[in-house]
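J.: So you can see what is in the structure, the chains are spelled out below.
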Amino acid sequence: MSIDELLEEFEELLDWEEQCDFLIDLGFELPKLPEELKTTENIVRGCQSLVWLISEPVTEDGVTKIAIQADSDSMIVKGLIAVLLAAYSNKTPQQIIDTDIEGLFERMGLNQHLSSTRRNGLHGMVQRVRGFAEQHAV
Amino acid sequence: MPDAASATFDAEEIRRQFPVLNQELKHGRPVFLDSAASAQKPSVVIAKEREVEEQYFANAYRGRYSFGARVDEELEASRQKIASFIGAESSSSIAFTAGTTLGLNQVAFGWGRGRLQPGDEIVITPMEHHANFVPWQQLAQETGAQLKLIPLTDDGRLQLDALETVITASTKIVAVCSMSNVLGTVNPIAAIANRVHEVGGVIVVDGAQSVPHSPTDVQMDDVDFLVFSGHKIYGPTGVGIVYARPDRMNELQPIVFGGHMIRNVTVESSEWADYPARLEAGTLPIIQAIALGTAIDWVTGIGLDDMHQYEHSLLVEATDRLLQIPGMKIFGPDPEHKGAIIAFRIDGLHPEDLAAMLDRRAVFTRHGHHCTMPLHDLLGVTATTRASFGAYNTPQDIDVLIEAIEFARKKLRLT
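Going line by line, the protein sequences match chains A and B.
Using the working numbering, the first residue of the first sequence is number 1, and each one after it goes up by one.
Using the working numbering, the first residue of the second sequence is number 1, and each one after it goes up by one.
Chain A on its own, in the form it takes in the complex (with noise of 0.2 Å):
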């Protein structure tokens, strides 16, 4: 899902608690991380819950993109992973750094209804994949 068709869908939503259901179901959806990958190394600081993060440079046609793995021991976590993903998946770092991922988060009302621990830990994944994107910008 692009991350357009993705908040149509979201905004059409009644309530808050469908749109925890939505991100519910985004997380069911969100492939599983093979256990392997699941290392300290990849875990994002600043988050109550686990989540793990793997971003790699992928050159296709000369043109190099950011390819995003990740996962979560919450489930709700999950479905924000997914929206991040839709939001930066299959782009430049370029693009990635151009994205007003903030303006995202605050359209999908998430800054209301998510507690501070989860908003520390969604931005800590922001700044792990930004600061990726940063490197590999040309």
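Check the hints yourself; a few may be wrong.
[Said to hold, decoys possible] 20 Å max Cα-Cα, derived SDA-like pairs, lysine to any residue:
no., chain 1, residue 1, chain 2, residue 2
1, B, 411, A, 13
2, B, 411, A, 17
3, B, 411, A, 10
4, B, 410, A, 19
5, B, 148, B, 115
6, B, 411, A, 42
7, B, 26, B, 407
8, A, 32, B, 411
For the record, the hints were derived by calculation from the structure and aren't laboratory data.
Please arrange chain B on chain A, whose structure you already have, making use of the hints.
T.: Structure of chain B alone, referenced to chain A:
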């Protein structure tokens, strides 16, 4: 209702006295299961706060006008109620502070700094809240004293047979909670105090969890210092109590300076007022300290023994029902050894996801490490869900909790 004690205890009537609990939310009335973090306030306490604000507010121990005199009188009456409530020798043993955290820091540094040296030992337990863990750790680092822990049994009680080996002639301070804020474990304070005094040390008790839920008698237990908070005993936030045994009172040096804690100041030096004033720097939380007396009256009016028995019956009932849920793990001892706190995990359900789903059913629990990271390391988990009970919880609250957990299990596809 499980037993005779709870049959005469009208929790619905008590609940009606709490405005915040008498709201209808989307899925029903709020089921408040986070009293271990902060309890709700009955109307009488809120009314007392309004009374002070609207009728005679002034700064304390300063004004020679009628408002000031009334405030002083009310504060002293509150101090007296608190003293009687915990079995203290007199109201002069009771100092108002900002809460348990400041109180414990005050005792740690006010008593330990300048008294401890390398070779001395401070003994705590792995179940302490950070507020009764970190000050002692920092004091140990500052003075060169050694920090030691009384080990726990597998079910989260103190290993009492280790007291003699852990508390030694080098032990100067033992700091222990009377009830754990996670495991619910009730610790045998009198027995620990006895051992501490055999070796010539002092015992500091973090009473934040036990004082609101079971009777306290500082003289019978022979504790040197007891600290607790107003907001966990149906009183206001921002006020807490330090009790000091009369012979220990002026051994406490202040760590915060200014206001009526001063006796005399010259350019070169300062002298402190006697305890309790020496601990009461700056302007007191006046309204809160006065209304804390009202909260104590409210608890005493219902009867703390009855409250304790009633809450225990809720604990037993909730424990039985929770244990029927597949994948349920409750941390801490059996109900007979604990107060009304249940920390748990359910296989396959992250505590924060569970808390979020319970919130959707107006069931308010706490999740996380509950300011006890060393304990959670020992338990081998990063977080737990905690349900804690107060006098206003009802058997119906347990039904709603169980239904809400079923709802969460369904949503997270565990059934």
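J.: For the pair we were handed, residue 411/B and residue 17/A, check the Cα-Cα distance against 20 Å.
T.: 11 Å, holds
J.: Hey, residue 148/B versus residue 115/B, does the alpha-carbon distance stay inside 20 Å?
T.: OK: residue 148/B and residue 115/B at ~18 Å, within 20 Å.
J.: Is the Cα-Cα distance between residue 410/B and residue 19/A 20 Å or less?
T.: Holds - the C-alpha atoms of residue 19/A and residue 410/B are around 16 Å apart, at most 20 Å.
J.: For the pair we were handed, residue 411/B and residue 10/A, check the Cα-Cα distance against 20 Å.
T.: 18 Å, holds
J.: Has the given pair, residue 411/B with residue 13/A, been kept, meaning a C-alpha gap of at most 20 Å?
T.: 17 Å, holds
J.: Given the hint that residue 32/A pairs with residue 411/B, does the C-alpha gap stay at or below 20 Å?
T.: 19 Å, holds
J.: Within 20 Å, alpha carbon to alpha carbon, are residue 26/B and residue 407/B?
T.: With a Cα-Cα distance of about 15 Å, the restraint between residue 26/B and residue 407/B holds, given a limit of 20 Å.
J.: Does the alpha-carbon distance linking residue 411/B and residue 42/A stay inside the 20 Å limit?
T.: 28 Å, violated
Checked against the numbered hints above, the structure breaks only hint 6 and satisfies the rest.
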